[in-house]
Structures are given as structure tokens and as C-alpha cells.
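Take these sequences, add in the hints, and give me the full structure.
With the working numbering as the guide, the letters of the sequence shown map in order to residues 260 to 1016.
Treat the hints as calculated values from the structure; they're not laboratory data.
Just so you know, even glycine gets a beta-carbon here, dropped at the ideal spot from N, CA and C.
Just so you know, not all the hints are guaranteed correct.
For lysine to any residue, the following SDA-like pairs were computed, each having C-alpha atoms within a straight-line distance of at most 25 Å [unchecked claim]:
(1) 465 <-> 447
(2) 500 <-> 880
(3) 928 <-> 791
(4) 928 <-> 892
(5) 465 <-> 603
Derived Cβ-Cβ restraints for the label pairs, each shown as a range [stated by the list, open to error]:
(6) 930 <-> 806: 28 to 36 Å
(7) 845 <-> 527: 52 to 60 Å
(8) 806 <-> 957: 36 to 44 Å
(9) 598 <-> 446: 13 to 21 Å
(10) 836 <-> 537: 31 to 39 Å
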Amino acid sequence: QGKVQGVGFRPFVYRLAREGGLSGHVRNTSQGVEIELHGPAPEVERLLRRLVAELPPLAEITSLSTEDIAPRQDLGAFSILQSQEDATHSVLISPDIAACPDCLAEIHDPADRRHRYPFTNCTNCGPRFSITRSIPYDRARTSMACFPMCPACYSEYHDPLDRRFHAQPNACPDCGPQLWYTDVRGRTLARRDDALRETARDLAQKRIAAIKGLGGFHLACAGDDPEAVAELRRRKNRPHKPLALMVPDLDTLSRFCRISEEAQEWLTGRIKPIVLLPRRNGAMPRELAPDTMDLGVMLPYTPLHILLLAEYAQMLGPDRIPALVMTSGNLSDEPIALGNREALQGLAGIADRFLLHNRDILLRCDDSVLRPLHADAPPLLYRRARGFVPDPITLPQEGENVLGLGADSKATICLSKGERAFVSQHIGDLTNPEALGFYREVVDHARTIHEAEPRVIAADRHPDYASTRHASEYPGLPQVRVQHHVAHILSVMAENDLAQSCLGLALDGTGLGDDGTLWGGELFRVDWEQRAVHRLAHFRQAAVPGGDRAVVEPWRMALSYLLQQGVDPQAYTWPWLPDHSRAQDMVARMIQGGINAPLSSSCGRLFDAVAALLGLADSISYEGQAAVKLEAIQSPDTEEGYTCSVNTETDPAVLESGELFSGVYEDWKRGVDPGAISRRFHVGLCRSLGHLIRHFRQQTGLNRIVLSGGVMQNETMSTLLPHSLARQGCEPFLHTRLPPNDACISLGQVVYARFFT
260 QGKVQGVGFR PFVYRLAREG GLSGHVRNTS QGVEIELHGP APEVERLLRR LVAELPPLAE
320 ITSLSTEDIA PRQDLGAFSI LQSQEDATHS VLISPDIAAC PDCLAEIHDP ADRRHRYPFT
380 NCTNCGPRFS ITRSIPYDRA RTSMACFPMC PACYSEYHDP LDRRFHAQPN ACPDCGPQLW
440 YTDVRGRTLA RRDDALRETA RDLAQKRIAA IKGLGGFHLA CAGDDPEAVA ELRRRKNRPH
500 KPLALMVPDL DTLSRFCRIS EEAQEWLTGR IKPIVLLPRR NGAMPRELAP DTMDLGVMLP
560 YTPLHILLLA EYAQMLGPDR IPALVMTSGN LSDEPIALGN REALQGLAGI ADRFLLHNRD
620 ILLRCDDSVL RPLHADAPPL LYRRARGFVP DPITLPQEGE NVLGLGADSK ATICLSKGER
680 AFVSQHIGDL TNPEALGFYR EVVDHARTIH EAEPRVIAAD RHPDYASTRH ASEYPGLPQV
740 RVQHHVAHIL SVMAENDLAQ SCLGLALDGT GLGDDGTLWG GELFRVDWEQ RAVHRLAHFR
800 QAAVPGGDRA VVEPWRMALS YLLQQGVDPQ AYTWPWLPDH SRAQDMVARM IQGGINAPLS
860 SSCGRLFDAV AALLGLADSI SYEGQAAVKL EAIQSPDTEE GYTCSVNTET DPAVLESGEL
920 FSGVYEDWKR GVDPGAISRR FHVGLCRSLG HLIRHFRQQT GLNRIVLSGG VMQNETMSTL
980 LPHSLARQGC EPFLHTRLPP NDACISLGQV VYARFFT
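Written as C-alpha cells, this is what we have:
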């Protein structure tokens, strides 16, 4: 069992058996792959050893069981049999994989019949998850079913010694999908190779193109042209959030970014996600990422992208950098566009031209985004989708099928089956109606593709989450409500295979707490043996004036913390006063009177308050913008930090986080450089959390510390805090398979429902 279908596994077994002179067969089943071997015992044992040691690039064996059977005579040569279907399956579907070197060589070879064919693939690469309807993974169950193979492709497909043997998306220019290029009305402007050339020409001339790719559409424009980038931002209604780039090769990338060894491995590997890299000073338009010096960059991962980038590079002069913005093909906060008609209707107000093809995408799957940290640490994931999904996470033991419905921001769902938990690709913000429709698609597809019907539904405690309301669509099934930050912690434990008691620190934005207040800076004790979670400590609560309004207007949180410190709101000309002078008095009265100003222990809101006081963000246009800007301005030349105390006289204990803000305020009054203040805040917060952990380590005897929450997306926090804890003898655990943001909530919900109820 394992990832053994659609990855060249059967021809691999066929070759091993033929080399050993063995008889028998190999075939796909709904449980995995079945191999029957007849021959001398030493040769059978040798094949079993090689089966594990010499796997094809994309194959993975998760279990291998054998049994002796009665020998049969006159079987003839070893053969590959037709797939067998059973009532249930245990097959792992491969994610979509970047084009392999063999296929790249073919598309660049003028003598090859697939020269410049943008849908070239084999068993070692190409689309999998995004074109699969059901298992077993056969062509008839993919979106390639409508493309009958020509005689040459048919011969490859049925030749066990060919690398395209049973490559379900196998095709060529004579029988496979095709490209065409249209205007906004859908009128065809060019076809096939000419479509690529015309797209490249228009992009070089500052036009914006919608490009149908592997898991959805991209919106593309010239990445080195400030005017083109600004126009795309205006049309897409995305004023500040960073835009991703696609470049043809590492040489091009090195012209404007610094590339570590870890980053290079991700950039050139078989996933090819968007990788966050530090840009070189003055390189590329600031408009690509106005709030940070980092750029999200990827190399082309399909033949279509590779050919397009090559054409685009030829269209440019020697002083231009062949980099294309490749951002999700959607309006802000909507799901990535999937089909041709959907794109023509939904993106007509953004794109000037459309590069289309006729291979259907069955499920949206956006580009994954990560940041490499250092050699001995997993990357920091921000968005998990293409290349990672649907690889499962292994749970400590088997149990009932649980559907974790996730959160409303950075939404995912998780469906468990046996000892496997399948976390979906990034869905988005469920306050958007289109995203909620995509959410339902993902739930239905997961139930189909894994042939697993949920027996328990796990959802967030917040009754107003769209994901929580979705639980009502499963009447009669047991319902479990899971506290948001507990789910954060349990997710990290599952990813690290940590079925032991530990301390868990959740540094997050907002989640409904068990006491009815808003949590977000919480320390838990997870008692694995007793199947219990206890809240040990939290950040000092502060008023959140206007609730969700304060999230998009961080100056409200700065005012809240100032009032908490006893500062007169009229004492200074605050950075936000030019735009919010009238509102300040009203907000101050809300805070002082407790009117629509719920209390929160959120760490994320503390970051917002500091950023607003320093004049970085009185309002934001995307989630986490204030914290991004605060981290970006840090001065590297100080390791001083503000301090705060821990009040252990209460239960739970309280980290006096307002004292950190007080330090910021005092330095701000003295005119200290904002970069130095930012650094002192980050360093001080990590040290203060270290003191908090030290106290409860001594009290509980627990040395394993689990870290999660949206604040851990901050590179400084995700490196400085674990190092600080390790220096005092702790064993810190971070996310290894999922982002620390709310994308991990669905897995934590499944773990809670499985093991804590």
C-alpha cells in the first residue's frame, strides 16, 4: 500500500520480475498494488529487497505485507493485469508534480514528436490530484478520459518498458489537449505554438493575461515593469499584498534575489512552490511587495510555463529581466478560477487576453508558498496546496472517520480514514460566498477520492463561523466542538508524531475561548495520557474596540493599549490622527465604557498595536499586514529587548504583555528609531515567553514545547523563539507539514475528536 498508482510502480515491478526470471503478475487494486510472484526463493527475496530500495521517483510504500501461496506451474512470463476494483481503497494519490528532466529534454528536442508540446508528461511527472475523479487511478477516471490516444501514445501506454506505461495523462500534439489564445470576448486570436508567442508578445507590451495552468488560472504581467504591476494591482483590487513571480531559471533569479542552498533545493525540486527570498537592494519594482524586502518566486513547473517563459525572454531587450508576475487568477479573496468560461466571465475586468486549453481541471489547487529557514529545520509553510496535497499525515492509531471543518480564515478541511488524516488544499476566507462554494467542492471531492464517509463532525467553537454552520449539514452524526487554539496545538503534535504530554503555546490573532472571551496568546498543558487540555496562562487581556473593525484598523488597538497604560488620548499627536481624529474620541469612549469592545488575550492584536503606534499601519488591506511591516523594519544591530513579568497569583497565570507595549511607548516618546523599537519588541517578546515557559516547566516537569498560531508565520518569531527555548533546555516543536496559521485547524479538530472525546 502507499503511493503506488500512477507513478510507474507496476512497470518497475515488471522489470524487476523479468530480471529475476520470475513468473506471476502485478495489478492495481483498490487497496494498492497486488504482486504475485512464482520462482526460486532467493530471487523472490531479492525482488522484495529491491522493491523497497529502488523505488521510482514518485512512489512511496507505506505498508508491505506478504503471504505464501501454493505454487502454480506453466504461468509463462510475468505480466501486468487489468486493475481490480474493491468496495474500499487504501491507495494514496500523488500530488501534481513538476515536469521531469526527461520530459523537458523532449520538449526542447526539435527531432522529438513532443517538441514544444505544452502538455508533455510521464509517470514521473505531470498532473495527478487536480485531474483525478476517483480511484483506482486510471485514465477513465481522470479529465483525460475525453482524449483517445493516437497509435504512438497507445503503444507507449501499453509498453511496460516505456516510462509512459499507464501514464494516465499521456498525450501528444496529435491526440492530446491544445492551447488557444483569445480576447476578453473569447474570440480566438491564435492557436497552439502561436498562442504561446502571442501571449509572450502581449506580456512584453504591458498587457495582462489570464493563463490556465495546472490547478487553476494565473494572472500574469511583466514583473520588472512598475506600471504593469500597478495596473494589475488596481484591476485585481490588491493594493499591497505581495505578488508572486515566475522566472525561467536560477541565473535570472540570482540577478535580484539571494538564494540559499535550502531555497535552491525547493526551487528546483519536484514541487517547485513559491519560495520567499530576500531581494537584492534596488532590484525589481517595489510595487511587487511594498511592505517587505522579500519576494515570492518560483521556477516554471509545467511545460506550458517553461515554453512561455522562454518565449517571453526572447521578446525582451537585454536590459529587461524575464520575470512574470504569476498571481492567483481571481478577484481578491475569491477562489482561483478553474474553467475557461468561469475565467472569461470572472476575470474579464482584469485580463486583456486569455491563454486557454481544453484539459479540464477537476479541482482547484493554488501554488504552495513557503520560506526555507535553515538546514536542520523544516520550511515555514504559508500556503499548502499544489505539490503537497493530498499527501496524508499519519495519526497515532486507527479510528472513526472524522471530518474536521476547519476555521473561516485560511480555511482547509481534514478527513481522516484509518490512521491517515487528509488535509485539503488552501481554500480561502469563508466570508466570501464563492470561497464557501469552493469549500463544499473540496468536502465532496475528499469524500469521493478517499471513499470515506465521515462518522464524526468536528468544528470550531465559534458559532458564527461558516465552517461551524456547515456542521448542520450532517444531521444525526456526532458533533464535536473544538477550541480554536487547542486545535492549533494538537495539529503540531500530529505533524511531529508527538503522542506524549507537553506544553503548547498558541500565538494567534483571534479565537473564541472556553470562557466566552477572545483568546490568542495562550499556554496550554496537554495531558496525553489523561486526554485532557488545561489552560495554564494567557496574555493580559485588552479591549478590542469594534471587534472585527479593530483587526482592519490597528490604530484602535494602539489606543486600547495606551488607555490600559493610563495614557491621556490627547497627550500626543498620534500617527493615526490625521485620518481618524474624529473617530478617536468615539473609540476611546467605547473602550472606557466597555461598549462593543470585547476583551482579548490576542498576541496578534499586540503586534497590531505596536505597528500602529510606530506609524506603520493605521489600517490594513490584507490579513497580517501590520505585523509584516513591523517585522520588516527591524534593526539587526541590537539584541536588547523590552521585558514583562508573569503574574502567577491568578489561575490561569497572566503574562503582563502590556508592559512590552509600555516599553515601546516610552521609546517612541523619546524618538528612538522605529527599527530599533521593532527589534526590541520581538526580542523582548521571545524572552518573556521563555520566562513563562521556564516557570511552567518547573511546575509541570514537561520539557516538550509545541508552538503554533498565525504569529509563528513571523520569521523572527519562528527562529528566535525556538532557539531561545532550546538554550534553556526545552525541546521545541514547530509545524512540519502544515502552515502555523488557521490552515492547520482542521487537522487539530480531527485529532481532538479522535483522541480527546
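Verification of the supplied hints:
1. At roughly 20 Å between alpha-carbon atoms, residue 465 and residue 447 fall within 25 Å of each other, so this suggested pair holds.
2. For the given pair, residue 500 sits about 8 Å from residue 880 by alpha-carbon distance, which is consistent with the 25 Å threshold.
3. For the given pair, residue 928 sits about 46 Å from residue 791 by alpha-carbon distance, which is inconsistent with the 25 Å threshold.
4. In summary, the hint linking residue 928 to residue 892 is supported, as the alpha carbons are separated by about 18 Å, within the 25 Å threshold.
5. For the hint pairing residue 465 with residue 603, the CA-to-CA distance comes to about 20 Å; that is within 25 Å, so the pair holds.
6. Distance hint for residue 930 and residue 806: a CB-CB separation of about 34 Å, consistent with the stated range 28 to 36 Å.
7. Checked against the given bound of 52 to 60 Å, the beta carbons of residue 845 and residue 527, roughly 55 Å apart, stay inside it.
8. Separation of residue 806 from residue 957 is about 38 Å and conforms to the stated range, judged on CB atoms against 36 to 44 Å.
9. The hinted range of 13 to 21 Å is satisfied by residue 598 and residue 446, whose Cβ atoms lie roughly 18 Å apart.
10. Between residue 836 and residue 537 the beta carbons are some 34 Å apart, a value that agrees with the proposed interval 31 to 39 Å.
The structure fails hint 3 only (numbered hints given earlier).
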